[in-house]
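> What follows is each chain in one-letter form.
There are 2 protein chains.
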Amino acid sequence: MPNNIVMTITQRSAYTLLALLLAACGNGAPQEDRRGGIDTGKIHRWKMVTTWPANFPVFQEAPEMFAKNIRVMSNGRLDITVFAGGELVPALQVFDAVSQGAVEMGHGSAYYWAGKVPAAQFFSTVPFGMEQKGVEAWLYHGGGLELWNELYEPFNVIALPVGNSGVQMGGWFNKKIETIDDLKGLRMRIPGLGGKVLDRAGGNPILMSGGELYTALERGTIDATEWVGPLHDLRLGLNRAATYYYYPGWHEPGAELELLINRARWDSLPADLQQIVKQAAAATGAWTFSAMEYHNSRALKELSGKKNVQVLPFPQDVLQALRSVTRQTLESEAEKDPEFKRVYESYLAFQDSYQPWHRLTSKALETE
Amino acid sequence: MPNNIVMTITQRSAYTLLALLLAACGNGAPQEDRRGGIDTGKIHRWKMVTTWPANFPVFQEAPEMFAKNIRVMSNGRLDITVFAGGELVPALQVFDAVSQGAVEMGHGSAYYWAGKVPAAQFFSTVPFGMEQKGVEAWLYHGGGLELWNELYEPFNVIALPVGNSGVQMGGWFNKKIETIDDLKGLRMRIPGLGGKVLDRAGGNPILMSGGELYTALERGTIDATEWVGPLHDLRLGLNRAATYYYYPGWHEPGAELELLINRARWDSLPADLQQIVKQAAAATGAWTFSAMEYHNSRALKELSGKKNVQVLPFPQDVLQALRSVTRQTLESEAEKDPEFKRVYESYLAFQDSYQPWHRLTSKALETE
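From first to last, the protein sequence lines stand for chains E and Y.
According to my numbering, the residues represented by the first sequence are 1 to 368, in order.
According to my numbering, the residues represented by the second sequence are 1 to 368, in order.
Simulated from the structure, these hints should not be mistaken for lab results.
Model, not experiment: these values are computed from the prediction.
Among these hints, one or two may not hold up.
As the list claims (entries may be wrong) - With a straight-line cut-off of 27 Å between C-alpha atoms, the simulated BS3-like cross-links for lysine-lysine are:
| hint | chain 1 | residue 1 | chain 2 | residue 2 |
| --- | --- | --- | --- | --- |
| 1 | E | Lys341 | Y | Lys184 |
| 2 | Y | Lys278 | E | Lys42 |
| 3 | Y | Lys363 | E | Lys301 |
| 4 | E | Lys278 | Y | Lys47 |
| 5 | Y | Lys341 | E | Lys278 |
| 6 | Y | Lys278 | E | Lys68 |
| 7 | Y | Lys42 | E | Lys278 |
| 8 | E | Lys184 | Y | Lys47 |
| 9 | Y | Lys184 | E | Lys363 |
| 10 | E | Lys176 | Y | Lys363 |
| 11 | E | Lys363 | Y | Lys176 |
| 12 | E | Lys301 | E | Lys175 |
| 13 | E | Lys68 | Y | Lys68 |
| 14 | Y | Lys42 | E | Lys42 |
| 15 | Y | Lys336 | E | Lys363 |
| 16 | Y | Lys363 | E | Lys306 |
| 17 | Y | Lys363 | E | Lys307 |
| 18 | Y | Lys341 | Y | Lys116 |
Claimed, not checked - Partial pick of chain Y residues on the chain E-facing surface, computed with a CB cut under 7 Å:
| hint | residue |
| --- | --- |
| 19 | His141 |
| 20 | Gly143 |
| 21 | Tyr294 |
Here a beta-carbon is modelled for each residue, glycine too, at the ideal position from N, C-alpha and C.
Isolated chain E, as found in the complex (with noise of 0.2 Å):
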């Protein structure tokens, strides 16, 4: 997944101007008429930052199609205007605008702001971590949404899921990947956790933005690197750099996506609109996850087909060496991080009960 996605990075200041600005104008049209206690005149005018670039496929669009559908919910009460990446904010500071209250709402995935609070990864994806049904579960039903919000209280912000990647998968290889030595050295671009595992396993992880990407691999810069799934790698033409292997992914399981709200202006929307944005927020998840799953399904048919291009697992033993060495990762960040380690625990104990059941269903239908 695009982690640091330096092709929409504009320069860093904007934002705090922009909380200026937006302070002295004030914010809507006078208001018309209460009824219910509910002032339902009162036209609200939010700006959404989000942390993908323009016209990136489904996660850019899911944020537009969440404020339109807002927008015709509220009978124009909520009119929310989004900015991709860059636009407005750079990419990587969505966060800190939304916190700063330069804008309302921000739209990405929470392991972007690691550097801030590395716990927030778990509300994205970890490595070996739970899939989209697993991960929602823990967030819904199993504590995570609290302990999540918890996590964004000191920074005014509160987060609410808002969709799914699906699995990602494991990156383009321009050799094939036999055994856990053939990690070593290896250059690949992957950011994050899955970088911090690599390099356990003696691998060398680089940085390198999205817009690098293919000629990095076509001059052989590096020898690897993911970015999120057949549907985006094909966009980015990354099989057309060289001939590849091409694993599906143990690094990103399922990336949540996030909705940042400043918690201020949250508490200036009347009760009625903060429902019709938590459901918005939970319907785009739904659409988000299964547009995710249809383009990535075709996707994927199209790569295949592909002469330069094999699609094939990773050896039973490359991934439990992976899975080994993701335990000591995390449990290193652990000792580091107080409020990783609780978040961790509460993952760790969701996962290893939800476990059994994901086991024994994803199995129930498998005939070969």
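Place chain Y on chain E using the hints.
Coordinates of chain Y only, in the frame set by chain E:
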């Protein structure tokens, strides 16, 4: 899954009387104000009937939460009262009640109307069909939802997806199933297409309501039964009736739940309330599926700890044989009904193209 919830069915009648009463009473408060062309003063008082027993976990909680959320979002302008199966309309007459306008909404699952619309079963679940993520990718993005609504158009009914049961359990067996021959002569409570497949495999499918299952198992009137999954099976106490082998399901890989809406009443709603209903349906769906995953994983853990219960997968050759018999069964049904054939072809084409992605990703993290 409960296919004939006879225990909740009262007398056949009441809803035709209701239709007359409601028509006579008119609908809602006087108009108060209009803004942006939308009548924001009118209160729409609707009734929703479900196919579920009162207090049926998750499935009956979901429509109640749905109605409550809509009341908040609409600031009381759409006020839906929810009735469990039998409270106002017998569970299996929900579709007719919505179709005839006796009530505005229904909540159930499409295979309950198989007698009237055989093709409807694909919008619920079919043996060896797709799981939740595949089904919803087909519905939201692969043309499924449009087909579903074409199917219901002659009945003046609109359908929206509103959740999924997750993989259901294959049932409780008083003997171990080692080969397909062990199904021969087996007296098993299993309704619908699953029952037809069992019949074709030499078994003896029996129709029986949930309320009768415990006694029938305990007395040996039946050799096996399916119901829903760990959560509901445990609530019904099925594990206490005898000593069991408990298998994951092949016959209902994830029943999609449906929201039914009377078309004329739908057309009478302003655009904002229509959108509120649509988004609430999708949001309720996300909550429902993750609630099922959460509670089923916990209930499975509890059941697995019981001395008289052995949880295990069906042997590969049994599944293979059932899959082949399923194909014959579906093809035979398709020959009888052109609509069934048309929907089957769409479903199968989608499933075939989705399968490689599903397989690849569902094994991505597997290490044993």
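> Now look at each hint and say whether the structure bears it out.
Hints, one by one, checked against the model:
no.	hint	in the structure
1	E:Lys341 to Y:Lys184	violated, 54 Å
2	Y:Lys278 to E:Lys42	holds, 24 Å
3	Y:Lys363 to E:Lys301	holds, 17 Å
4	E:Lys278 to Y:Lys47	holds, 24 Å
5	Y:Lys341 to E:Lys278	violated, 39 Å
6	Y:Lys278 to E:Lys68	holds, 13 Å
7	Y:Lys42 to E:Lys278	holds, 24 Å
8	E:Lys184 to Y:Lys47	violated, 64 Å
9	Y:Lys184 to E:Lys363	holds, 24 Å
10	E:Lys176 to Y:Lys363	holds, 18 Å
11	E:Lys363 to Y:Lys176	holds, 18 Å
12	E:Lys301 to E:Lys175	holds, 21 Å
13	E:Lys68 to Y:Lys68	holds, 23 Å
14	Y:Lys42 to E:Lys42	holds, 19 Å
15	Y:Lys336 to E:Lys363	violated, 32 Å
16	Y:Lys363 to E:Lys306	holds, 22 Å
17	Y:Lys363 to E:Lys307	holds, 24 Å
18	Y:Lys341 to Y:Lys116	holds, 15 Å
19	His141	holds, 4 Å
20	Gly143	violated, 11 Å
21	Tyr294	holds, 4 Å
Figure legend: structure checked against the earlier numbered hints; hints not met, in rising order: 1, 5, 8, 15, 20.
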